[in-house]
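Engineer: Assemble the complex: chain A is given as a structure, and chain B must be docked to it using the hints.
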Amino acid sequence: MGEGLKPPVITVEGLTKHFGGVYALKDVSFTLHEGDILGIIGPNGSGKTTLINCVTGFLKPDAGTVRFRDRDITGLAPHKIARLGVTRTFQVMRPYYSLPAYKNLIIPLWSPRVRKLGGWRGGGRHGDRDTVAVDILEEIGFERDSYVPYKMASSLPTGYLKRLELARCIALRPEVVICDEVFSGLSMSEIATMVPLIEKLQMEGMTLIMVEHRLRELFRVANRVMVLSYGDKIMEGDPEVVIEDERVKEVYLGWEGEAEDD
Amino acid sequence: MTEEGRRKERIDRGIKVRTNGLYAISGWPELSYLIFPRFILIAGMLSLPVVFGFAPYWRRVVCIVCVYALLSLAFDFLANFVGLINLGSSFFIGMGGYLTAILNVNLGLPPVLSIPLATVLGAAICTLVLLPCLPLRGIYFAIVTLMFPLILEKLIQAFNILGGTNGIMGLDGFPNAWWEGYTAIIVTLAVLFGLRRLVNEDVGLVLRGVKDNDQAVRASGISVTFCKALAVFIASGIGCFAGAFLSHLYMWAGLSLFALDFSIMPIAATVIGGGGTLVGALIGSFILVPLSELLRSFGTLRVVFYSLVLTAFIVFKSEGIMVYAQRKYHQFERWVKV
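Note that the protein sequences, when read in sequence, are chains A and B.
Each residue of the first sequence is one higher than the one before, starting from 1 at the first, in this note's numbering.
Each residue of the second sequence is one higher than the one before, starting from 1 at the first, in this note's numbering.
Keep in mind that a hint or two might mislead.
To be verified - Below, in silico cross-link-like pairs of lysine-lysine (DSSO-like), each with a Cα-Cα straight-line distance of 30 Å or less:
#1 B:K337 / B:K317
#2 A:K80 / A:K26
#3 A:K6 / A:K80
#4 A:K6 / B:K16
#5 A:K116 / B:K16
#6 A:K151 / B:K317
#7 A:K151 / B:K154
#8 B:K337 / A:K151
#9 A:K26 / A:K249
#10 A:K249 / A:K80
Unchecked claim - From chain B, some residues computed to sit far from chain A (all C-beta separations above 12 Å):
#11 E9
#12 A158
#13 G276
#14 E293
As the list claims (entries may be wrong) - Quick list of the computed label-pair ranges, beta carbon to beta carbon:
#15 A:E138 / B:K154: 31 to 39 Å
#16 B:P175 / A:E138: 40 to 48 Å
#17 B:L128 / A:T158: 51 to 59 Å
#18 B:E4 / A:M188: 36 to 44 Å
#19 B:E319 / A:M188: 19 to 27 Å
#20 A:M152 / B:V203: 30 to 38 Å
#21 A:Y150 / B:R13: 15 to 23 Å
#22 B:L34 / A:M152: 20 to 28 Å
#23 B:V203 / A:M188: 38 to 46 Å
Quick caveat, the hints were computed from the structure, so don't treat them as lab data.
C-beta atoms are modelled at their ideal positions from N, C-alpha and C, and glycine is treated no differently.
So here's chain A without its partners, still in its complex pose:
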């Protein structure tokens, strides 16, 4: 697998989070290596989104550490983590509804991280950001010459909003992109056009974590898969191994087996 060769980007150790008496995460540890796509799967309520929230700082974990490269980022404010280059999409899409689609990207482009990195092909002055925004949208599948990039975000269909979420992350020029269910709610053909996008991000050197319910598509792109159930990490491994594992079938697809028995 050559894991030893790739340096770890995000290291999570013993992450625990509980809401009252309910444990959303119990002692979860994993390592994300540079250039990998880590898939996180698990039934509803298994703590996938909580895990993302804890890694990106939107929730403070009760125990455990999150490290980004050599730096401890446990409990850091979300905007500071994003500034380091760890970005996320939201499961419930959160565009800026009152702005046109391309103006949505002005906000990440204005962020201190991008201004510090500088030199998005066009530079950073006002007006150039608009051009850069349309460029990014084109990369992510908004047709430049159509009216779609200039439409209000409130009038865009789900497929485009999911892309807009991803575009908002890419605009930050991140090192790690954490996708919270980018495939859900999309039609098969929309997913078919999203998969190459994900692969392209990986080829451009980004490291990805993908939380998904669409297993078939996820297993196509992911290098490694981690399975959560009721806050426990059940297993982690190559997609082919994970999908064959009995425990995974039990927690994730268990009801299907029972249905067959009846």
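Structural biologist: Frame of chain A; chain B shown alone:
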């Protein structure tokens, strides 16, 4: 807008679409379409001191209207572009008013210095005071802002500082009525067009992003608290200027600067004028403040009439005058079969 199988369709006028981009400079019709409304507003405002040249009372009212207009602009900016509902505009007025009084009376600075200094200092103090409340959202922030003018007012009263209930007297006035009028009007216009420019700049878009959804702004690596603090600084600067101007106009800074009027009137003006248009806030003040002056002759019945007018506006034109007017100007409507 549906009635028995038909509905109203709104379509942008061709000239509006054409003037959206660079094409606006392609001809006189397009240019005048853009310039005409702005010209009417600017010319109308600038002519007010001349029109009321022989009515000193109404000339004073124009100044007061501008003070309220500034507050309304600040309120509209905070509420409809940054998502902070500020119920305590009088806090800004009081802060600016008392600061300029201290600077002018105690330190002997001329108004040319004391007003700008009070504006910047006041904005900084207001921002610092409101800083702990900025993580609050919606109604919670609104309630907290309502408290601040009350706290400051009662503190001054209880400890008998800064002149206590008598206030600080003996501020320098303006050289003459022209200065008063034109200072107020020019600053109001500058703030109006400045804010309109700001909310469409990249920084302004970030602020609007905070209103739309702050989580995504956080995820973009921008501190939401910083954005809100920036917005509060701008808005409280506008409010503090209004306060400083007002106390030099009255040549007095007292507890009435914390009056509830300064907090409520801007909200009413923004609602009537149309929230989120900025110019609506200004138009709203130009309707409400003179109206309240006209109704003075009715004595205590004034409040009843005033409330009736407000209620009528909210019931019959809840979107606000400017939202309605802009729609009529930019779009035409027609009935289509469904």
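Engineer: Can the restraint linking K80 (chain A) and K26 (chain A) be considered satisfied, given a maximum Cα separation of 30 Å?
Structural biologist: holds (25 Å)
Engineer: Going straight from one Cα to the other, do K6 (chain A) and K16 (chain B) come out at no more than 30 Å?
Structural biologist: violated (56 Å)
Engineer: Starting from the range 30 to 38 Å, see whether the pair M152 (chain A) and V203 (chain B) falls in it by beta-carbon distance.
Structural biologist: violated (21 Å)
Engineer: Could you grab the alpha-carbon distance between K151 (chain A) and K317 (chain B) and see if it respects the 30 Å cut-off?
Structural biologist: It holds: about 28 Å lies between the C-alpha atoms, which stays within 30 Å.
Engineer: With a cut-off of 30 Å on the C-alpha distance, tell me whether K26 (chain A) and K249 (chain A) pass.
Structural biologist: holds (21 Å)
Engineer: Should the hint that E319 (chain B) and M188 (chain A) are 19 to 27 Å apart at their CB atoms be regarded as holding?
Structural biologist: Once the Cβ atoms are compared, 42 Å apart, the range 19 to 27 Å for M188 (chain A) and E319 (chain B) is violated.
Engineer: Hey, does E293 (chain B) actually stay past 12 Å from chain A on C-beta?
Structural biologist: holds (36 Å)
Engineer: Taking the beta carbons of E138 (chain A) and K154 (chain B), is their distance inside 31 to 39 Å?
Structural biologist: violated (59 Å)
Engineer: K337 (chain B) and K317 (chain B): Cα distance at most 30 Å?
Structural biologist: holds (26 Å)
Engineer: May I ask you to test the hint 51 to 59 Å on the CB atoms belonging to L128 (chain B) and T158 (chain A)?
Structural biologist: Violated, since L128 (chain B) and T158 (chain A) (Cβ atoms, about 43 Å apart) do not stay within the stated range.
Engineer: Quick check on a hinted range of 20 to 28 Å for L34 (chain B) and M152 (chain A), using CB atoms only.
Structural biologist: holds (22 Å)
Engineer: Would the pair K6 (chain A) and K80 (chain A) pass a check requiring their Cα atoms to be no farther apart than 30 Å?
Structural biologist: holds (25 Å)
When the structure is compared with the earlier hints, violations turn up for hints 4, 5, 7, 10, 13, 15, 16, 17, 19, 20 and for no others.
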